[in-house]
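Required output: the full structure, derived from the provided sequences and hints.
In the order they appear, the protein sequences are chains A and B. Taking the working numbering, the leading residue of the first sequence gets 1, the next gets one more, and so forth. Taking the working numbering, the leading residue of the second sequence gets 1, the next gets one more, and so forth.
Hints listed in this document are in silico derivations from the structure and should not be mistaken for laboratory results. Predicted model, so just to flag it, every value in this text is computed and none were measured. C-beta: ideal position from N, C-alpha, C; glycine also.
Covered stretches of chain B (in silico footprint by chain A; criterion: 3 or more residues with CB under 8 Å from a CB of chain A, positions within the stretch not fixed):
id : stretch
1  : 88-95
2  : 104-113
3  : 120-134
Pairwise CB distance ranges (calculated):
id : chain 1 : residue 1 : chain 2 : residue 2 : range
4  : B       : Trp27     : A       : Gly225    : 25 to 35 Å
5  : A       : Thr234    : B       : Val85     : 33 to 43 Å
6  : B       : Thr88     : A       : Gly20     : 16 to 26 Å
7  : B       : Asp110    : A       : Phe249    : 36 to 46 Å
8  : A       : Tyr18     : B       : Gly258    : 37 to 47 Å
9  : B       : Asp73     : A       : Gly20     : 17 to 27 Å
10 : A       : Phe250    : B       : Leu206    : 56 to 66 Å
11 : B       : Met153    : A       : Gln76     : 54 to 64 Å
12 : A       : Arg53     : B       : Asp110    : 19 to 29 Å
One side of the interface only, derived from the structure: several residues of chain A facing chain B at Cβ under 8 Å:
id : residue
13 : Thr125
14 : Glu126
15 : Gln127
16 : Asp129
17 : Ala130
18 : Arg132
19 : Ala133
20 : Leu134
21 : Gly135
22 : Tyr137
Listed below are the residues making up each chain.
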Amino acid sequence: MTSFIRLIGQNVLGFCGYLGQLLLLAIDSFRSIFTAPIRWKLFMGQLLEVGYRSQLVVLVTGGFTGAVFAAQTYFQFHRLGMDSAVGAVVSVSMFRELGPVLTGLMLAGRVGAAMSAEIGTMKVTEQIDALRALGVYPVDYLVVPRVLAMMISMPLLVAECVGLGIVAGYVVAVVLLDVQGAYYLDYMLSFTGSRDIKMALTKGFVFALIIVFVSCHQGLNAKEGAVGVGRAPTEAVVIGSLAILIINFFLSMILNAIFPAGI
Amino acid sequence: MTGAASPARESSAAQTRPALISIRDLWKQLGEQQVLKGFDLDVATGETLVIVGRSGGGKSVLLKHIIGLMKPDKGDVLVEGESIVALTERQLSRVRKKIAVLFQSAALFDSMTVEENIAFPLREHGLKDAAIIDEKVAGALAMVDLAGEQKKMPEKLSGGMRKRVGLARAIVTEPQCILYDEPTTGLDPIVADSINRLIRRLQKRLGITSIVVTHDMKSAFHVADHVAYLYDGRVYFRGTPDALRASTDPLIHDFIEGRSRELLSDD
Numbered sequence: 001m002t003s004f005i006r007l008i009g010q011n012v013l014g015f016c017g018y019l020g021q022l023l024l025l026a027i028d029s030f031r032s033i034f035t036a037p038i039r040w041k042l043f044m045g046q047l048l049e050v051g052y053r054s055q056l057v058v059l060v061t062g063g064f065t066g067a068v069f070a071a072q073t074y075f076q077f078h079r080l081g082m083d084s085a086v087g088a089v090v091s092v093s094m095f096r097e098l099g100p101v102l103t104g105l106m107l108a109g110r111v112g113a114a115m116s117a118e119i120g121t122m123k124v125t126e127q128i129d130a131l132r133a134l135g136v137y138p139v140d141y142l143v144v145p146r147v148l149a150m151m152i153s154m155p156l157l158v159a160e161c162v163g164l165g166i167v168a169g170y171v172v173a174v175v176l177l178d179v180q181g182a183y184y185l186d187y188m189l190s191f192t193g194s195r196d197i198k199m200a201l202t203k204g205f206v207f208a209l210i211i212v213f214v215s216c217h218q219g220l221n222a223k224e225g226a227v228g229v230g231r232a233p234t235e236a237v238v239i240g241s242l243a244i245l246i247i248n249f250f251l252s253m254i255l256n257a258i259f260p261a262g263i
Numbered sequence: 001m002t003g004a005a006s007p008a009r010e011s012s013a014a015q016t017r018p019a020l021i022s023i024r025d026l027w028k029q030l031g032e033q034q035v036l037k038g039f040d041l042d043v044a045t046g047e048t049l050v051i052v053g054r055s056g057g058g059k060s061v062l063l064k065h066i067i068g069l070m071k072p073d074k075g076d077v078l079v080e081g082e083s084i085v086a087l088t089e090r091q092l093s094r095v096r097k098k099i100a101v102l103f104q105s106a107a108l109f110d111s112m113t114v115e116e117n118i119a120f121p122l123r124e125h126g127l128k129d130a131a132i133i134d135e136k137v138a139g140a141l142a143m144v145d146l147a148g149e150q151k152k153m154p155e156k157l158s159g160g161m162r163k164r165v166g167l168a169r170a171i172v173t174e175p176q177c178i179l180y181d182e183p184t185t186g187l188d189p190i191v192a193d194s195i196n197r198l199i200r201r202l203q204k205r206l207g208i209t210s211i212v213v214t215h216d217m218k219s220a221f222h223v224a225d226h227v228a229y230l231y232d233g234r235v236y237f238r239g240t241p242d243a244l245r246a247s248t249d250p251l252i253h254d255f256i257e258g259r260s261r262e263l264l265s266d267d
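Written out as structure tokens, the structure is:
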């Protein structure tokens, strides 16, 4: 029994320690943004990698999610004679939940893994020690450009994901399933407002910070050897994805109080 | 011949020169292992000190303390009389401009060309003029006998060439001191000899203070003004290479000869 309590205590302390390290990294990064020179070339490179090159995966995710969600909603609502409400359901769901969460999960996989693998490899091949030995603070050089790129890219990617999801939902509902286009749009516009856009963008921004700090932390703390480098991206994706799903719930409750859903 | 009891066998010239780096009662534990146990050492300006010792004995850990990459559990590291132990990472940048490191793996940035690697510290130290940067890069490459290799990527280089590029990156900012972490490990004897000659050449031409960590005794005898033998977390011997060779201490003798006293089953 004592060992069980000790085990729980150790895990709780370990978790608190991990959160503390993430917080310190975040504070250090934001301090760097305001006090150290920004490396614009690295930032632009990250913007290209994180933002531009993630578009395809995000658009495919958003498009097909919107399409299948519209179809499933139609199949249920059609029995109740509520075909025209499909647009509103798809639109509000894409903005408030599906768009930000799915974009977050896709980026945690695509970008988070790449970040932690790259930084982890630099760590075990002494390149980060070399940076420090050359008088360059690794947070300034490696973390800040990624943080800035993620903070800018993620809300835009969420917007793309949501936008294509709604378009795909419209095509499926109106073109394939014969929902009246005018009613579809009217309901959609009635139930969707700036509050939903704000919620989507806020979530996107928060998820960007989760992904970038979890991934950079895993990379910077990668253990020696191939196993260590291999574990860093795996853990970055798992922790990043779980954190997005868990924090999304609490974020939804808080943001719903600020930007309440409905007309 | 334990650290405290060992007579310091130093040349009078080295004793009169001021210490560039002083290490005082340094203690460091990594995991369960106490790696450094009250390590004391002075490195005079302009000298080449070789620190020898067995693999895993704490030589690389010691180098990382000298440049502030690791913090000791106890003790002090002084660079030109200034303690660096309590400095923050940003404050250490000032100290690190005086000391360069050649890492065991050379630690070249693999996303950059040779030229970009060598120019990196210049740009980070605020040099903007492309013509001056090009000139300094070419000069550093010529110094390590790699003139004209600017555009190659690190993965296209052999182990010896990587070390040379790492050395060019270390000397391009004209530091006061270079730390070499196992500079000849993993190289064939011919390339290892060329690296040793390079270390001597840099010391003679640029007057750079050098601290070389190695377990390669041939390299140690080739480049050293003084040798420190690290044993059990302390300096067991410090003196000239000739004094080390002449030592009758069984521990030192076994190390120089590369003789193991462990009994193997097939002996």
